[in-house]
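**Q** Produce the entire structure from the sequences given, and follow the hints as far as they go.
So the protein lines, in turn, are chains V and P.
First residue of the first sequence: 0, per numbering that gives the first Met the number 0; consecutive thereafter.
First residue of the second sequence: 0, per numbering that gives the first Met the number 0; consecutive thereafter.
Please note: incorrect hints may appear among the correct ones.
Straight line, CA to CA, 30 angstroms or less: simulated BS3-like cross-link-like pairs of lysine-lysine [unchecked claim]:
{"id": "1", "chain 1": "P", "residue 1": "Lys341", "chain 2": "P", "residue 2": "Lys385"}
{"id": "2", "chain 1": "P", "residue 1": "Lys341", "chain 2": "V", "residue 2": "Lys107"}
{"id": "3", "chain 1": "P", "residue 1": "Lys207", "chain 2": "P", "residue 2": "Lys362"}
{"id": "4", "chain 1": "P", "residue 1": "Lys326", "chain 2": "V", "residue 2": "Lys107"}
{"id": "5", "chain 1": "P", "residue 1": "Lys125", "chain 2": "P", "residue 2": "Lys77"}
{"id": "6", "chain 1": "P", "residue 1": "Lys374", "chain 2": "V", "residue 2": "Lys361"}
Ranges between beta-carbon positions, derived for each pair [to be verified]:
{"id": "7", "chain 1": "V", "residue 1": "Asn1", "chain 2": "P", "residue 2": "Thr4", "range": "20 to 28 angstroms"}
{"id": "8", "chain 1": "V", "residue 1": "Pro154", "chain 2": "P", "residue 2": "Gly387", "range": "56 to 64 angstroms"}
{"id": "9", "chain 1": "P", "residue 1": "Lys362", "chain 2": "V", "residue 2": "Leu362", "range": "31 to 39 angstroms"}
{"id": "10", "chain 1": "V", "residue 1": "Leu333", "chain 2": "P", "residue 2": "Asn92", "range": "45 to 53 angstroms"}
{"id": "11", "chain 1": "P", "residue 1": "Lys362", "chain 2": "V", "residue 2": "Ala108", "range": "39 to 47 angstroms"}
{"id": "12", "chain 1": "P", "residue 1": "Met140", "chain 2": "V", "residue 2": "Arg432", "range": "25 to 33 angstroms"}
Source of the hints: derived by calculation from the structure; they are not laboratory data.
Just so you know, even glycine gets a beta-carbon here, dropped at the ideal spot from N, CA and C.
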Amino acid sequence: MNKILGILMLLVFACVATTMLSEGTFVSPRNIQNIMRWSGLFGIIGIGVAFVIITGGIDLSIGSMIGLIGCLMSMALMDWGFGITGTLVFIMIISVLLGLSHGLLVTKAGLQPFVVTLCGLLIYRGVARWITGDQTGGFGSEYNDSLRLLATGKPFSVATVLAISGLGGACWFVWNFWQQKQQRRDSIIGLVVCVVIAVIGASRFTNLSTTTIIKLSRGTTVDIITMPNDTQTINYRKMQLGKALDEQDAGKRPSALLPEILLNYLGYLTIAAFTWVLFLAVKSNGREARKSLLILGCAFFGVLLSQSVIGGKGPNWFGQSTGGQLWNSRLDMLIVFVALAALIFGINQFIKSTLKHNPSAKLALLITGGLAGCWLMSQTPICRTLVPAPMIFLIVIAVIATVFLNHTIYGRYLLALGNNETATKLSGINTDRMVILAYVICGACTGIGALLFALDLNSIQPAGHGNFYELYAIAAAVLGGCSLRGGEGSIIGVVIGAAVMRVLYNSINILKIPNQLEFAIIGTVILVGVLADETLKRINTRKKQLG
Amino acid sequence: MTPSTSPLLRVRNLTKRFPGVLALNSVELELYEGELLSLIGENGAGKSTLMKILAGVQLPDEGEVSVAGNTVVLDSVKIAQSQGIALIHQELNLSENLTIGANIFLGREPQRFGFINKRTIAKESKRFLAMVGLSLDPDTMTADLSIGQQQLVEIARALSINARILIMDEPTSSLSAGETEKLFDVIRELRAHGVSIIYISHRLGEVKLLSDRVTVFRDGENAGELAGTDITHDAMVKLMVGREISQYYPHTSRPLGDVMLQVSGLVTQANPDHPLDFQVRQGEIVGIAGLVGAGRTEMLDALFGVVPCLAGEIYVQDQQVSINTPKQAIQLGIALVPEDRKNRGLILEMDIQANSSLASLAKHAHMTCFRNVPKERADAEEMIEKLGTRTPSVLQTVGFLSGGNQQKVVLGKWLLTQPRILLLDEPTRGIDVGAKQEIYQLIESLAATGLSILFVSSELEEIIGMSDRVLVMHEGRITGELNRAELSEEAIMQLATNADTTRAQKEEMHVL
Ligand SMILES: Nc1ncnc2c1ncn2[C@@H]1O[C@H](COP(=O)(O)OP(=O)(O)OP(=O)(O)O)[C@@H](O)[C@H]1O
Ligand SMILES: [Mg+2]
Chain V
0 MNKILGILML
10 LVFACVATTM
20 LSEGTFVSPR
30 NIQNIMRWSG
40 LFGIIGIGVA
50 FVIITGGIDL
60 SIGSMIGLIG
70 CLMSMALMDW
80 GFGITGTLVF
90 IMIISVLLGL
100 SHGLLVTKAG
110 LQPFVVTLCG
120 LLIYRGVARW
130 ITGDQTGGFG
140 SEYNDSLRLL
150 ATGKPFSVAT
160 VLAISGLGGA
170 CWFVWNFWQQ
180 KQQRRDSIIG
190 LVVCVVIAVI
200 GASRFTNLST
210 TTIIKLSRGT
220 TVDIITMPND
230 TQTINYRKMQ
240 LGKALDEQDA
250 GKRPSALLPE
260 ILLNYLGYLT
270 IAAFTWVLFL
280 AVKSNGREAR
290 KSLLILGCAF
300 FGVLLSQSVI
310 GGKGPNWFGQ
320 STGGQLWNSR
330 LDMLIVFVAL
340 AALIFGINQF
350 IKSTLKHNPS
360 AKLALLITGG
370 LAGCWLMSQT
380 PICRTLVPAP
390 MIFLIVIAVI
400 ATVFLNHTIY
410 GRYLLALGNN
420 ETATKLSGIN
430 TDRMVILAYV
440 ICGACTGIGA
450 LLFALDLNSI
460 QPAGHGNFYE
470 LYAIAAAVLG
480 GCSLRGGEGS
490 IIGVVIGAAV
500 MRVLYNSINI
510 LKIPNQLEFA
520 IIGTVILVGV
530 LADETLKRIN
540 TRKKQLG
Chain P
0 MTPSTSPLLR
10 VRNLTKRFPG
20 VLALNSVELE
30 LYEGELLSLI
40 GENGAGKSTL
50 MKILAGVQLP
60 DEGEVSVAGN
70 TVVLDSVKIA
80 QSQGIALIHQ
90 ELNLSENLTI
100 GANIFLGREP
110 QRFGFINKRT
120 IAKESKRFLA
130 MVGLSLDPDT
140 MTADLSIGQQ
150 QLVEIARALS
160 INARILIMDE
170 PTSSLSAGET
180 EKLFDVIREL
190 RAHGVSIIYI
200 SHRLGEVKLL
210 SDRVTVFRDG
220 ENAGELAGTD
230 ITHDAMVKLM
240 VGREISQYYP
250 HTSRPLGDVM
260 LQVSGLVTQA
270 NPDHPLDFQV
280 RQGEIVGIAG
290 LVGAGRTEML
300 DALFGVVPCL
310 AGEIYVQDQQ
320 VSINTPKQAI
330 QLGIALVPED
340 RKNRGLILEM
350 DIQANSSLAS
360 LAKHAHMTCF
370 RNVPKERADA
380 EEMIEKLGTR
390 TPSVLQTVGF
400 LSGGNQQKVV
410 LGKWLLTQPR
420 ILLLDEPTRG
430 IDVGAKQEIY
440 QLIESLAATG
450 LSILFVSSEL
460 EEIIGMSDRV
470 LVMHEGRITG
480 ELNRAELSEE
490 AIMQLATNAD
500 TTRAQKEEMH
510 VL
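**A** As structure tokens, then:
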């Protein structure tokens, strides 16, 4: 849980920093869509490899497998005439078989996962190049309006997804309440949260008049009329709201702005919630609370300050020439990073000291955090953005995977055997079969990922397609809290991990950091993240021991 | 030995909290030079916690420790060692993939020109091994040793740092009678050389035999102290448990049912030459005695499908069965409570609920795959109740429980599979007297409901107290069978050690 919270903070940090530095590019609907698409693709293969990592194994062959399956797919469809259904069935069978063979080699032949999948990495790449004769494959434009939509389509807006998942979650909690699976209080809280989410999402489909919406938006930070330098605003004025909304928005209804407005109102409640937290904190331990509050306040002020100094208004110490501007923007970056890091440190400190003296403040803290998140979201057009299909695949797969891992006996077996295989086997569990299952799941997820990657790119180079993707997947899993020692991991963490990777990649592009540094930066962030996690853990135990 | 001087080690007002647990509440402890102080108390009383604090493994919340009159801050193992304090942990702590010598000198490898000096290691290791009565080659892999031998290696390691204060946390719990004797000799010798020893054990007989003084903990507090002739079994029990325990072994004579388990000609890999034959009837408690390494664990493993049977037949209720995996064994209603709970019994990283339910998870699943969480929880809580496990909640991570409470979790896990045949491998290892008696009562009542119980133990007293019948093993074969009426320590020891004469005697008898 703490790990997930940590990585979530990292994600927020990266997003906020990039937003502050990029003057709106980062949060444009087009960019958000882009990030979602890639996060979806990498999240899917990340979930796959997470299952293998949970058993204490590893899969290095994912990238090559994606290459091979991409090639096979383009050949099956274009050359061999398998037809759409035939091709899909064919590649799913292939990927499951590959996963199965990995599993069998690891368990029955007793080979090390690293070795097995390393060989896979080499073999699949070689085979892919050989069967295609190194010819770039693809699907032409023939399938643009059919099969390729699986990867390039954008069926829903984020608001719709919120509505659906809120509804689903609400049903789940009602059922929980019925079955008394958890404390009733928890079920009720969950239910309330889900209903709020569903209502916000569904508000997109209301039929309020344009004038009402403009009225509603007044007094919020998303005030439509005063939206600065936005061509949309002008259009709103002209009451041509239909066209004014995001160009890809198929719905073209003014109420598409409603979720944002509602989120913004919710965001205002942060102040109330925070007051509640403050009350709890000061009541339980006044002195320490004041101290940590001071830190928090300073950090917050620092962020506000940095917000006002950066950009064109910022210090111009390096002159106006191209080189000078570059250095000025670097300075901006530094200021923002430091300010935000201080803020996160302050928040962390505050949460810790509050929880230490008043464990019951947890709920209040969570609510405050959630409301603050609402406010942040309302500052972006995310609710109006259309969700790319891969993201939808990811959501579905992640839900299934979470249920599988946390609510079925097999998920429990996987976690158990990752921790202690002997004891698990002695509990009457066929551990070999479970390990094989994990590799098969990984194969299947890789297959789905490969399918989407190929359809998305529409140009598959046998030698390069999918190179290094296994490393992105593994990195997402590790960032998301999977331990390479096995026995530990959560699906939601992996999904957030994948998102962090993509946001970082995107930031590097947007902030014009030299592209060559991409790997170095991502590597450093992962290293720092994992290191910080480990260090904090150590400091905490040490503190606990020292009292 | 009456202490006249000031204490060598003094602990004052020491408090240690864990989340949800007050492990030590302002405890006091004094240890004098050349003294053997026993520390006893129920499971979870805080003994190991205090010892870990003294060894620098954990830090106290409050309180102070002084060695030879000087207050010391023991915040790392190195510092504790430099004060001459060495701890032999309750759970074995050797790296199985290293040799004995490497383990003894782990972290303190003698060097020459920057390289590890293997010659010195070998030579020195031999010396320390000899001190604990082991004549093994220091280059043997630790994984190849029995648990008893590993335990002795641990002691050798502690000796190798020239400890002034040697702490032994349940050192005999996995040793056989012979090895225990050897250890006692070592302990006496060390004491004669002026080493002070803190000795933790749940075997009150040993405590009485060895101790100069006994300190008793209960619920993380000092419960009392005994010295000299006041150290009696009853006095110790009373201080530990807070009440007197009557009728320690609740053995009753039950009517025995039909033959539940019959084994004929069972041959395992470790003992290919000696086929095993025996049977257990319904409601019968059969004790299996023998020295460590007599092949008792191997036999239970074979019955449970952990190691393959090379030959022989197993019948459960007159049906011939083949048991190749633990899964099959569980389906036949067999349960094995393994000896090595840390590696084979528990998943230390998971909570009590997950551990308790692991073996019976499939049985209660909805639609064969969804976990039945309320049932899991109810089961885990029932077992905590039934076995008196001491824990803040069912969601406590098992690795944080005290040794004895971990054992109770394992036992609970297997009882939840509702077995017909219960194989118990040292089930009371590391369990306190009160809980032991509860477990005896439990075994007895399980037998009364018709369970067949095979019960391996190295504690002769409990074998004699509990069993309807005893099989004695020696070097992989069953050397004798004793009925309840014939049971005595001498009879068992003779069969367990002196197998050849016994066989000779038997053959004589055949001749006659
Ligand atoms: N790391 C830990 N985290 C949480 N609780 C702990 C931890 N270590 C020990 N405890 C708790 O502290 C209490 C004392 O444990 P300790 O191991 O000292 O008992 P003990 O007297 O050695 O018992 P036993 O005879 O069973 O070995 C127990 O309730 C145990 O659950
Ligand atoms: Mg202990």
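**Q** Each hint needs a verdict: does it hold in this structure or not?
**A** Do the hints match the structure? See the list:
no., hint, verdict
1, P:Lys341 x P:Lys385, "holds, 22 angstroms"
2, P:Lys341 x V:Lys107, "holds, 26 angstroms"
3, P:Lys207 x P:Lys362, "violated, 46 angstroms"
4, P:Lys326 x V:Lys107, "holds, 18 angstroms"
5, P:Lys125 x P:Lys77, "holds, 24 angstroms"
6, P:Lys374 x V:Lys361, "holds, 28 angstroms"
7, V:Asn1 x P:Thr4: 20 to 28 angstroms, "violated, 50 angstroms"
8, V:Pro154 x P:Gly387: 56 to 64 angstroms, "holds, 58 angstroms"
9, P:Lys362 x V:Leu362: 31 to 39 angstroms, "holds, 36 angstroms"
10, V:Leu333 x P:Asn92: 45 to 53 angstroms, "holds, 48 angstroms"
11, P:Lys362 x V:Ala108: 39 to 47 angstroms, "violated, 32 angstroms"
12, P:Met140 x V:Arg432: 25 to 33 angstroms, "holds, 31 angstroms"
Of the numbered hints stated above, those contradicted by the structure are hints 3, 7, 11, listed in ascending order.
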